[in-house]
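S.K.: The residues making up each chain are set out below.
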Amino acid sequence: MEFINMTVERTNVQLSKADFESDQMVKWCPGCGGHAILAAVERVFPKIGYRKENFCMVSGIGCSSRFPYYVNTYGIHGIHGRAAAISTGVKIANPRLSVWTVTGDGDSLAIGGNHFIHVIRRNVDLNILLFNNQIYGLTKGQFSPTTPMGKVTKTSPMGTIEHPFNIGELVMGAQGTFFARVPDNNIALMTECMFEAAKHDGTSVTEIMENCIIFADKAHACVTGKEVKDETMLILKNGAPMLFGKNNEKGLILKDTRLEVVEIGKNGITAEDILVHDQYSQDPGIQLMLAKLAPPNFPMVFGVIRSAMYPTYDDLVEEQIKYARQTSKIRNVDDLLNSGDTWEI
Amino acid sequence: MAKKKRPVIEREEVVVKFVGDSGDGMQLTGSMFSDVAAIVGNDLATFPDFPAEIRAPQNTVAGVSGFQVHMGSSKIFTTGDLVDVLVAMNPASLKSNLKWAKTGATILTDTDAYDAKTIEKAGYKQDPLTDNSLERFNLVKAPITTLTKESLKELGTDAKTAERSKNMFALGMLFYIFNRELKPSFKYFEQKFKKKPELIEINKIVLQAGYNYADTVEALESVIQVLPANMEKGRYRNITGNVATAWGLLAAAEKSGRPLFLGSYPITPATEILMELSKHKSLGAKVFQAEDEIAGICSAIGASFAGSLACTTTSGPGLSLKSEAIGLAVITELPLVIVNVQRGGPSTGLPTKSEQSDLYQALFGRNGECPVIVVAASTSENCFYYSYMTAKLSMEHMTPAILLTDGYLGFGSALFRIPKMADMPAINPPIAEPNDPEFKPYRRDPETLVRQWAIPGTEGLRHRIGGLEKENIIGTVSTDPMNHQIMTDFRAQKVENVANFIPEQEINGQAEGDLLVVSWGGTYGAVHSAVSQMQKEGKRISHAHFHYIMPLPKNTENVLKGFKKIVVCELNSGQFVNYLRMKFPMPNITQFNKVQGLPFMINELTDKFNQLLEEK
Chain A
1 MEFINMTVER TNVQLSKADF ESDQMVKWCP GCGGHAILAA VERVFPKIGY RKENFCMVSG
61 IGCSSRFPYY VNTYGIHGIH GRAAAISTGV KIANPRLSVW TVTGDGDSLA IGGNHFIHVI
121 RRNVDLNILL FNNQIYGLTK GQFSPTTPMG KVTKTSPMGT IEHPFNIGEL VMGAQGTFFA
181 RVPDNNIALM TECMFEAAKH DGTSVTEIME NCIIFADKAH ACVTGKEVKD ETMLILKNGA
241 PMLFGKNNEK GLILKDTRLE VVEIGKNGIT AEDILVHDQY SQDPGIQLML AKLAPPNFPM
301 VFGVIRSAMY PTYDDLVEEQ IKYARQTSKI RNVDDLLNSG DTWEI
Chain B
1 MAKKKRPVIE REEVVVKFVG DSGDGMQLTG SMFSDVAAIV GNDLATFPDF PAEIRAPQNT
61 VAGVSGFQVH MGSSKIFTTG DLVDVLVAMN PASLKSNLKW AKTGATILTD TDAYDAKTIE
121 KAGYKQDPLT DNSLERFNLV KAPITTLTKE SLKELGTDAK TAERSKNMFA LGMLFYIFNR
181 ELKPSFKYFE QKFKKKPELI EINKIVLQAG YNYADTVEAL ESVIQVLPAN MEKGRYRNIT
241 GNVATAWGLL AAAEKSGRPL FLGSYPITPA TEILMELSKH KSLGAKVFQA EDEIAGICSA
301 IGASFAGSLA CTTTSGPGLS LKSEAIGLAV ITELPLVIVN VQRGGPSTGL PTKSEQSDLY
361 QALFGRNGEC PVIVVAASTS ENCFYYSYMT AKLSMEHMTP AILLTDGYLG FGSALFRIPK
421 MADMPAINPP IAEPNDPEFK PYRRDPETLV RQWAIPGTEG LRHRIGGLEK ENIIGTVSTD
481 PMNHQIMTDF RAQKVENVAN FIPEQEINGQ AEGDLLVVSW GGTYGAVHSA VSQMQKEGKR
541 ISHAHFHYIM PLPKNTENVL KGFKKIVVCE LNSGQFVNYL RMKFPMPNIT QFNKVQGLPF
601 MINELTDKFN QLLEEK
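As you go down the protein sequences, you meet chains A and B in turn.
Residue numbering for the first sequence follows my numbering, beginning at 1 and increasing consecutively.
Residue numbering for the second sequence follows my numbering, beginning at 1 and increasing consecutively.
Keep in mind that the hints were calculated from the coordinates and are not lab data.
Since the model is a prediction, treat every value here as computed from it, not as a measurement.
Relax, there's no trap hidden among the hints.
Subject to a maximum C-alpha distance of 20 Å in a straight line, what follows is the list of computed EDC-like cross-link-like pairs (lysine to aspartate or glutamate): (1) K192/B x D341/A; (2) K279/B x D341/A; (3) K95/B x D84/B; (4) K420/B x D335/A; (5) K187/B x D341/A; (6) K266/A x E249/A; (7) K420/B x D334/A; (8) K233/B x D334/A; (9) K353/B x E53/B.
The whole structure should be built from the sequences, with the hints applied where relevant.
M.R.: Shown next, in the form of structure tokens:
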């Protein structure tokens with residue numbers, strides 16, 4: 001079989017933010033993280049280089065899933081949990097479209113959990129933007145599969161008794177090829193990661209730690225808040241050492257089989273001892289460990305954590321069709337109808 | 001070998017059933033027998049009858065697998081009610097199928113399969129071959145296993161292989177009984193076992209041995225001749241309903257120029273459509289085996305948005321899971337073909353048995369005001385035409401359409417007169433032109449109320465659709481009360497307007513009379529045969545068989561009005577009849593129903609019709 005790599009049609013026409021702005025009123029709450037995400041998308045889409053007609057946005061249900069109405073592309077607002085399945089159909093039907101799936105922690109990890117793991121397992125070439133606000137917003141404040149254990153919500157008045165998902169761990173457990181994590185208060189990092197996601201062939205999952213100002217305000221503040229973030233956030237860069245702290249004085253090393261936080265200059269640690277990030281590594285071992293890190297003992301890791309190259313489902317579909325067309329005697333439906341045992345009466 | 005002089009009895013139609021253990025090869029034996037009947041020019045219909053389990057315990061009633069062939073020198077409409085010749089390879093298969101044998105039927109059975117253990121396992125208290133319980137039948141007892149082994153002695157075939165060929169010995173005997181040539185089967189062996197030449201020889205020897213042995217059997221007083229049927233000229237093939245459904249979709253894709261996408265999840269009895277379409281990548285069919293029923297339909301909705309002829313195939317429980325997504329396709333006004341190969345319900349029900357009990361679900365099983373087109377095929381071979389038409393109507397009217405078939409149609413096979421693609425009706429989906437300045441997502445054709453299909457990637461048509469109600473014409477999200485009324489009415493009227501594009505309802509018989517028999521879907525053969533029989537007897541009875549359910553043909557009310565009494569026959573508790581009563585409240589509509597996972601028998605229909613004709 002011949003190797004096929006379908007790419008989205010490119011254009012030389014310079015696009016701008018205005019090309020993707022919709023005329024619809026954005027109906028998210030003032031202060032919602034969604035506004036910043038929308039700004040990042042409008043910033044990154046013109047830079048990717050695709051024809052504007054080749055973008056297709058697909059969503060499920062929830063606050064996040066109103067997104068397609070707010071961007072001027074082709075778009076379909078689906079039903080609860082099914083955005084990944086709808087996106088899969090769009091991409092298989094036309095692999096020349098750049099498909100963006102907008103979803104939330106309830107939509108993708110609860111009602112749509114099955115589609116989420118399977119789209120990742122198949123490595124369909126689409127970009128999932130997962131708004132993780134750790135709460136059900138549109139139904140007004142029930143706990144979600146990412147709500148931290150013990151959290152009081154409207155359906156957990158005594159605190160939740162469920163273990164939350166770590167999205168990165170789930171993605172890699174489902175054999176994911178791309179995972180990035182970004183906070184909603186850093187548009188530059190969001191834009192950068194979305195651009196990386198667009199470049200990646202296969203399913204990309206970008207977890208956006210989004211603030212729900214009404215029902216889970218400051219849920220991420222203990223990590224991404226201005227006062228603490230130097231100590232609690234480690235922003236990865238491919239090929240660069242994993243450093244954090246106010247003056248980049250702290251870093252991660254691998255000790256035995258575990259990651260450990262060290263300080264440069266203490267206990268004989270030098271800059272050379274610090275782990276260097278390899279987002280392209282096919283082996284997800286270190287990447288998985290990175291995705292699971294969290295305060296208080298570790299910083300949380302942001303940026304592109306994994307971006308490994310594997311064949312995409314949609315390319316393989318095209319490859320099989322091409323091979324069948326080259327080798328089969330059945331070239332049209334008349335051939336098919338007359339194939340096998342037939343006789344004249 | 002010289003044949004004994006036996007009288008030849010000519011029969012217009014014969015029903016033969018092969019039954020045995022799941023591993024006895026009854027499906028193959030039956031289909032080889034029917035292939036030869038087709039080649040000599042009989043019309044025929046076949047039905048495989050197998051358990052839900054793959055290999056239930058040996059020699060038990062639960063493990064019996066069967067294949068029924070109804071062949072004739074005139075048009076065959078059903079797979080046959082009662083059996084003229086029963087081939088039973090063991091006591092369990094005899095036990096479970098004897099109830100289908102006509103009095104006087106020929107029963108051929110392998111005496112080697114009867115011992116104390118197998119007789120007990122089958123649930124017999126004593127050996128049915130010796131206790132005179134089979135006196136009503138023409139019993140042919142043959143030591144088939146022993147004779148098969150003996151015939152292969154010279155070849156030195158091992159015992160296991162020899163035993164596995166015993167079905168070919170039985171088939172050889174049947175070919176003798178029906179005066180058939182063995183050549184076509186020899187040719188079949190040569191093709192099938194090209195890579196295992198020893199099997200060609202073994203099968204030929206055993207088949208011939210069975211044929212020769214039958215010639216010596218005293219119990220066979222005559223041979224049966226079924227002459228060729230007078231069929232419409234043309235090229236023919238055998239086809240099952242599920243394969244015909246799959247090919248109809250491929251044909252609609254080719255004709256419309258829209259690539260085929262199938263998103264589906266395996267479920268009995270619909271899986272064969274998914275498997276069949278998976279084979280046809282050379283025709284560009286994109287087949288996605290989804291993680292569940294919901295992903296099956298949702299991927300199809302995505303593919304439809306992206307411009308494919310998108311389909312999903314399932315059976316009753318799967319249709320339940322798809323309900324919410326059908327609503328999405330209704331409100332987004334995207335074409336989508338949903339095939340439901342009905343089985344016995346509710347819940348898991350009777351997976352391998354047939355029923356018509358999903359009609360309500362197809363018509364009404366969704367939240368909100370949610371009309372879809374509903375079409376039903378009536379024979380295995382016309383699954384091709386009706387799946388084609390379902391796809392055509394769905395695309396041309398930009399609305400989801402459900403095709404109802406059932407397990408009997410899907411698994412059953414019939415002769416299919418091969419059409420030419422050039423003769424199939426044109427399919428013209430309303431695709432929006434690039435940069436059309438007039439384009440709006442919900443602008444409609446004033447006559448049909450159909451919106452345009454604006455396919456992603458097309459220049460100048462970027463737009464959003466979705467599950468929230470949209471403003472008329474411009475397609476932005478709207479919660480305006482009057483707008484919701486307008487859009488609801490448009491969606492309903494758009495589907496009603498399909499009635500202008502389907503044929504009028506036909507009547508078999510006079511347009512006026514004492515009794516109109518109404519049926520739909522897979523019961524066509526039995527009901528048609530029953531009515532025809534009574535028409536020949538001079539009864540004032542007519543038959544209207546419906547293929548288009550939603551909307552109904554425009555003349556439906558007029559068809560019903562011409563009769564003193566109407567009886568609607570269905571394999572459910574009365575779903576179509578209540579639908580008709582709702583649309584056309586008439587006091588003279590009665591019903592005849594059966595929910596046993598079994599088709600109608602012709603005599604139970606004629607009994608009912610006669611009773612209705614006699615009642616004042």
